[in-house]
Every structure is written in structure tokens, then in C-alpha cells.
Amino acid sequence: MNLNELRINIKGLLLNSIILLMLIHLILPGITGFWSSDGSDAYAYQFHYSSLSSASFNLAILLLYMLLAFCIVSNQQKGKINLFIPFSLLVFFIWLINSIFEASLQEIFLSDLSINLSLIPLFYLLGYDKTVFESAKKVVPYLIILMVVLILWNSISFILQYGISVETRLSPSKEMFSVLISAYWCYALGMSGQKSTHKSFKYILGICLLICAFLLRSRSWVIQGVFVLYSIMALNPGKHSFFKKILSVCIVVLVFIAIIVLFPNITGALFNRIGEDTRFGQYETFFSQVSPLSLLWGNGIRAGYSFLGNPNYKYFDNQFIYLMFHYGTVPILCLLGVISGLFRKIKRGSLNREEIAFIFGCRLMSIFFLAALGGLSVYYKLGWNLCTLFVFIFIGRAHKMVKESRKIAINNDNTRTISKNLKGSKVNKLIS
Numbered sequence: 018m019n020l021n022e023l024r025i026n027i028k029g030l031l032l033n034s035i036i037l038l039m040l041i042h043l044i045l046p047g048i049t050g051f052w053s054s055d056g057s058d059a060y061a062y063q064f065h066y067s068s069l070s071s072a073s074f075n076l077a078i079l080l081l082y083m084l085l086a087f088c089i090v091s092n093q094q095k096g097k098i099n100l101f102i103p104f105s106l107l108v109f110f111i112w113l114i115n116s117i118f119e120a121s122l123q124e125i126f127l128s129d130l131s132i133n134l135s136l137i138p139l140f141y142l143l144g145y146d147k148t149v150f151e152s153a154k155k156v157v158p159y160l161i162i163l164m165v166v167l168i169l170w171n172s173i174s175f176i177l178q179y180g181i182s183v184e185t186r187l188s189p190s191k192e193m194f195s196v197l198i199s200a201y202w203c204y205a206l207g208m209s210g211q212k213s214t215h216k217s218f219k220y221i222l223g224i225c226l227l228i229c230a231f232l233l234r235s236r237s238w239v240i241q242g243v244f245v246l247y248s249i250m251a252l253n254p255g256k257h258s259f260f261k262k263i264l265s266v267c268i269v270v271l272v273f274i275a276i277i278v279l280f281p282n283i284t285g286a287l288f289n290r291i292g293e294d295t296r297f298g299q300y301e302t303f304f305s306q307v308s309p310l311s312l313l314w315g316n317g318i319r320a321g322y323s324f325l326g327n328p329n330y331k332y333f334d335n336q337f338i339y340l341m342f343h344y345g346t347v348p349i350l351c352l353l354g355v356i357s358g359l360f361r362k363i364k365r366g367s368l369n370r371e372e373i374a375f376i377f378g379c380r381l382m383s384i385f386f387l388a389a390l391g392g393l394s395v396y397y398k399l400g401w402n403l404c405t406l407f408v409f410i411f412i413g414r415a416h417k418m419v420k421e422s423r424k425i426a427i428n429n430d431n432t433r434t435i436s437k438n439l440k441g442s443k444v445n446k447l448i449s
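Per my numbering, the sequence shown starts with residue 18, numbered consecutively.
Calculated directly from the structure, the hints in this document are not laboratory data.
Computed from a predicted structure; not experimentally measured.
Just so you know, even glycine gets a beta-carbon here, dropped at the ideal spot from N, CA and C.
Accuracy of the hints is not assured; some may be wrong.
[Said to hold, decoys possible] Across the chosen pairs, the derived CB separations fall in these ranges:
| id | residue 1 | residue 2 | range |
| --- | --- | --- | --- |
| 1 | L313 | F244 | 49 to 59 Å |
| 2 | F244 | I114 | 34 to 44 Å |
| 3 | S34 | R186 | 43 to 53 Å |
[What the hints assert, rightly or not] Straight-line distance between alpha carbons at most 25 Å, and here's what the computed DSS-like set of lysine-lysine pairs gives:
| id | residue 1 | residue 2 |
| --- | --- | --- |
| 4 | K331 | K424 |
| 5 | K420 | K362 |
| 6 | K424 | K364 |
| 7 | K331 | K147 |
| 8 | K398 | K331 |
| 9 | K362 | K424 |
| 10 | K155 | K417 |
| 11 | K154 | K216 |
| 12 | K147 | K420 |
| 13 | K216 | K420 |
| 14 | K155 | K424 |
| 15 | K398 | K362 |
| 16 | K331 | K154 |
| 17 | K154 | K417 |
| 18 | K147 | K424 |
| 19 | K364 | K417 |
| 20 | K147 | K417 |
| 21 | K362 | K147 |
| 22 | K364 | K420 |
Model the full assembly from the supplied sequences, consistent with the hints where possible.
Rendered as C-alpha cells:
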């Protein structure tokens with residue numbers, strides 16, 4: 018085995034280890050905790066974070082630092098100058114120097130609010146590595162099945178124990194659903210479905226995802242689930258596209274009705290919440306205490322505001338505001354810059370049909386992802402987690418395809434120009 022093959026194997030091994038460790042941290046506290054009543058007709062899950070789950074998370078983050086460093090160095094060695102890298106690293110080191118004086122090393126490098134949030138835009142470089150992408154691609158279907166099983170088990174066991182009309186304030190299923198829908202975006206929109214069995218499996222998993230969203234009573238995830246399911250049904254290549262779009266709408270409506278019939282109490286509770294305003298109050302409270310101008314440069318790792326009885330609440334449902342509140346606008350601009358690269362014009366002659374479908378699927382995925390970050394999900398969190406990791410690996414792969422297709426097109430144009438000039442010079446010589 019030569020050095021290059023060893024490096025490739027190390028990257029694949031690192032990613033698989035990171036996924037396994039993050040799954041331990043996600044699942045273990047969710048099956049070892051307990052339900053407690055919050056005083057009203059609702060229950061909240063008390064997670065049990067053991068030393069094993071904490072150690073798994075910390076080790077996963079350290080390995081992800083290592084994998085990201087490998088991919089950054091590999092990208093730079095190939096002579097690919099990218100402004101996202103120096104800008105993201107600059108923000109990281111500025112906040113590192115600033116945070117040393119107000120937080121512990123554990124908080125700075127390994128916590129939820131770690132300065133590593135500023136490096137998230139660079140996750141797309143993981144997708145530039147073929148081994149990393151292929152490893153992620155293999156894991157995705159199994160991850161979806163695992164999350165569906167765990168969510169159904171958690172939700173059904175709760176219903177059997179406390180009843181179908183009881184609401185949950187905090188649940189392991191809500192965190193797992195973020196991983197589920199991210200993996201489903203990657204699978205349904207970023208993986209080829211030419212075989213009929215593969216297409217059918219996508220639809221079955223999509224219906225399972227929609228059932229899970231109803232069980233969670235999440236309006237935002239029901240909306241996302243419906244749109245994703247419609248997208249994979251309506252946008253498959255083939256003839257009779259208009260008929261397929263109409264048929265897709267009918268199928269989604271029928272699935273919706275079937276779920277309402279099967280789960281009348283749950284869907285009734287969900288529809289009763291349609292008129293509720295659960296977001297505006299947070300915006301009003303936040304901007305009454307925090308200057309909008311401070312979001313330009315950020316307020317640091319310890320920044321907080323008074324909300325829900327907590328005098329130093331550090332989080333915000335809208336993940337763009339959340340990241341800007343702590344680390345400013347540069348990470349957000351880099352993130353949007355990476356995603357905007359997917360929407361650059363591509364030269365179709367330089368890509369095959371499957372590659373074009375993959376890029377188009379990743380464009381849709383990025384829209385769903387941005388919608389979730391912008392508030393179309395209370396429980397979707399931008400961070401060094403499985404949700405963000407998988408989405409950026411697939412986006413990064415599509416980003417590379419777009420970039421290479423444009424390079425090929427430019428080279429072809431240059432070749433044509435040179436050949437025309439050579440022909441012109443030969444003609445001039447003959448004339449003279």
C-alpha cells in the first residue's frame with residue numbers, strides 16, 4: 018500500500034469513526050433518560066449524558082478537526098486558491114484569541130457554542146474528497162432506517178405509556194428527526210434512483226418520514242416532508258412530466274389523508290396549533306436586548322440574552338441569527354457563498370445525465386437546508402453534528418462537479434480559439 022492509498026483509507030476511516038461516535042452521543046442519552054411532567058399536560062425528556070456519551074462526542078469533534086485539516090491541506094496542495102478558507106480561518110483565530118480570556122479550552126473547542134462554528138462553511142471541502150463522499154453515501158440509507166426505527170419506537174412507547182393526547186416539550190425524537198431529514202435529503206435528492214426498487218424505497222422512506230413528522234406534531238417538519246416527497250415524485254426524469262406532477266400531488270394528498278385517518282388525535286392537535294405564533298416573541302425579546310449592529314462582528318462565545326426565565330440564554334431558533342449573534346456575519350457570508358456556487362451556470366456537455374441530476378438534487382437540498390436554518394424547523398441546529406456534516410459533504414461534491422464542468426468548458430473554448438487562430442494564420446501565409 019503506497020502513501021496516497023494510506024491517506025485515502027485514513028480519511029474514510031476517520032469519517033466512519035466520526036459518524037459512529039456522534040451516533041453514540043445522539044442515541045445513548047435518548048434511551049437511558051426518563052420522562053418527567055412539567056406540571057401541565059405535557060412531558061419533557063430528561064437526557065442522561067454519561068461519561069461514555071460525552072467522551073464519544075469530544076473524540077468525534079477532535080477527529081473531525083483532523084479530517085477537516087486533511088481536506089484543507091489537500092485542497093491547497095492542488096493549487097486551488099479559495100477565499101472561503103482564509104476568511105473562515107481568520108474568523109476562527111480572531112475568536113480563539115478573544116475567547117482564551119473568557120472561556121475554558123473545553124468550551125472553546127468542544128462545546129455547542131465552540132468557535133468551530135466559524136469553520137462550518139469549510140465542511141464542503143470534505144465532499145471534494147471522493148473517499149469521504151463515497152463513505153458518507155454508503156452510510157446514508159442505513160442511517161435513515163435507524164432513525165425511523167428509533168423515532169417510531171420512542172413515539173409509540175410514549176403514546177402507550179402516557180396516551181396519544183399528551184404533548185412532549187422535549188424529546189429524543191426531535192433531535193433524531195433532524196438527522197433523519199438531513200440523511201433523507203441526501204438519499205432522495207443526491208443519490209441516483211434509476212432502478213424501480215430504489216425509487217420505491219425512496220417513496221416508502223418518504224412516507225415513513227412524514228409519519229414521524231406527524232408523530233412529533235411539528236408543523237415545520239410536516240411542511241418540509243410534504244415538499245421533499247413531492248420533489249422526488251415530480252422531478253424524476255422521464256416522459257409525461259406534467260402528468261407525473263399532477264399524479265405526485267394526488268399521491269401526496271392521499272398520503273396526507275391516510276395519516277390523518279390513522280392518527281386523528283395527533284393530527285387534530287397539530288392542526289389546532291396552525292394559528293399559533295411560536296416565533297415572533299423570540300425575535301421581539303432578542304432585538305429589544307441586542308443591537309442589530311452587533312450581529313455584524315458578533316458578541317463572542319459567552320454572549321446571551323434574557324429569555325424564558327433564563328438571564329443568559331445563548332440560543333436562537335433562526336440559525337443565521339444564532340451564528341451572527343456569536344461570531345458575526347463572515348461565517349454566514351461564507352456559507353451562502355459556498356451554496357451559491359451550486360447555482361452557477363453549468364455546461365451540460367461536460368457532465369453526464371446522472372451528474373446533472375445530482376447537482377440539481379443538491380440545489381434543492383440546499384434550499385430545504387437554508388429554509389430549516391432560517392426557522393422552518395425549531396429543532397434543526399447548525400453545528401458540528403451529523404445533520405450539517407452530511408448536507409455539506411453532498412453539497413461539496415456537487416460544488417466540485419460544477420467547478421470542474423466550468424473548467425472543462427473554458428478549456429474547450431480556449432482550444433477552439435487556438436485552433437481557429439492557427440487556421441487563420443495558415444490561411445494568411447497561403448495568401449501571402
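Non-conforming hints, listed in increasing numerical order: Per hint list: 1, 3, 4, 7, 13, 14, 15 and 16 violated.
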